[in-house]
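Work out the full structure: start from the sequences and follow the hints.
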Amino acid sequence: MSTIYILWLRQLKRYIRSKQRIFASLAQPLLFLFAFGYGFGPVFAKAGGGNYMNFLAPGIIAMTIMFTAVFSGIEVIWDKQFGFLKETMVAPVSRFNIMFGRTLGGATVSFVQGISVSIITFFFGLRSSLSGIILAFIFMFLLALFFAAFGTAMASKLDDMQGFPLIQNFIVMPLFFLSGALFPVTGLPKVFSYIVKLNPLTYAIDGIRGSLTGVHTFSLGLDFVILISITLICIYIGAQLFKRIQA
Amino acid sequence: MAKIIEVKNVSKHFGEVKAVENISFSVDTGKIFAFLGPNGAGKTTTIKMLTTLLPPSHGEIKLNNFDVVTHPDETRHSFGIVFQDPSLDTELTAYENMQFHAVLYNVKASVYKPRIEELLRLVDLWDRKDSLVKEFSGGMKRRLEIARGLLHHPKVLFLDEPTLGLDPQTRNHIWSYIKNLNQKEKLTVFFTTHYMEEADRVADMVSIIDHGKIIESGTPMELKKKTNTENLEDAFLALTGHEVREESSSAKDGMRQARAMWTGNKR
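From first to last, the protein sequence lines stand for chains A and B.
Our numbering numbers the first residue of the first sequence as 1 and each following residue consecutively.
Our numbering numbers the first residue of the second sequence as 1 and each following residue consecutively.
Worth flagging that the hints you see were computed from the coordinates, not collected in a lab.
All figures in this text were calculated on a predicted structure; none of them were measured in a lab.
Any given hint could be a false lead.
[Said to hold, decoys possible] Derived Cβ-Cβ restraints for the label pairs, each shown as a range:
#1 A:119 to B:118: 31 to 37 Å
#2 B:167 to A:162: 33 to 39 Å
#3 B:233 to A:240: 44 to 50 Å
#4 A:30 to B:165: 54 to 60 Å
#5 A:119 to B:167: 16 to 22 Å
#6 B:58 to A:229: 41 to 47 Å
#7 B:40 to A:23: 44 to 50 Å
#8 A:228 to B:29: 48 to 54 Å
#9 A:221 to B:40: 55 to 61 Å
#10 B:243 to A:163: 33 to 39 Å
#11 A:163 to B:165: 46 to 52 Å
#12 B:227 to A:12: 29 to 35 Å
#13 B:219 to A:162: 43 to 49 Å
#14 A:229 to B:40: 44 to 50 Å
Ideal Cβ placement from N, Cα and C applies to all residues, glycine included.
So, in structure tokens, the structure goes:
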């Protein structure tokens, strides 16, 4: 337990000390909220969709969490190349604890980042009840945990940062755009709708949106079950892959 | 004399490539042992096998009487290591790096607090304990890594090119620490270096590896006598030839460069 804690603590300390990174990573969600929110708002309202900013905000919160979490996992590559991972791998600690401690740290950082964006969305007009916020936080943390484990698992198979643009362009960006972050997932063309339903991010966004605004496509129970299942699977796979890392 | 490291008929193959081929050697407890060889000879692969990072393809390795394959955790408790590349978290302070290590090795706070102070004082870094490691020079980082490697009272300290890129003053400083520890804590030291005069000066025993095989072992004096040479560098060249070795460029070299650019790190 104490080894998981110290790995978690390390991630947090690194996060708190990188103030530039914290601010830089808030710029993108801010831009999205501003451009999409005000840009598409009138059209969305005319089409009978209601308040687009309220619809968009949970999607942007989820986006921030996903990007931060995947990246925190990918950072294992840096540790791998520059020895810090070796320092943990020669220690008498189970490989599962190393993987899980890191993942938990990355997830916490992403979760905090998600909370920061939630506060920003408040200034863009998003309002919710306390119970809604608490429920949303649960979905946000699960989302963070899933993508941190996902990033860590990917990183364990990669040897250098060359593969990073590949992950960014072929996994992270498609997951974001095909998730219902920007548009409702009902009434989509058939093939497109299947793709969206296979995307784990869809359920996280549905859960967060449902909790905060009451608008959701699936039941929150289904969102939760799907999210927690894939998170556990991903942590399991990640831990298996970590055992095979030859630092 | 008790053996702290025993390597018996060990090979490591990566597909067709035979990185290490049927090597056997041992290290006596409490000695300073130099493991020498040209680039790509199999030094790093051997160290990785000794430190549980790579399983051998064949053969048996015992460290502190633990089989490294079947008892990895006991083995890991028995050694400390300073890697060729810096392995500190530069965003943490010197003290935090030490504390991180202590927790990973399951050292209790009541034990590690005085121990960290003792070691940081030993390497003259106690007054810098709360500085971020990224502010440290190459020599200070090395000293910190050595202190960290000793934190859990290991029986063996591995040093993979510990003095690479350091000036003669710092090199001397570091070796005086290590020799002091070797005597004070009865620590066995296993190191690699390309500076032959360094090995000549500090090593009790030397093994030379080339093309994945151990080609000669003995005291520096014995090696010089055998090859009829004046110093260890000439003995080394007489044994391994003058041909320049090509080390395959890996992703790592590119990354080292990239990081140097990103962080302005000189080491």
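Worksheet item: Quick check: which numbered hints come out false for this structure?
Response: Numbers 1, 4, 5, 11, 12, in rising order.
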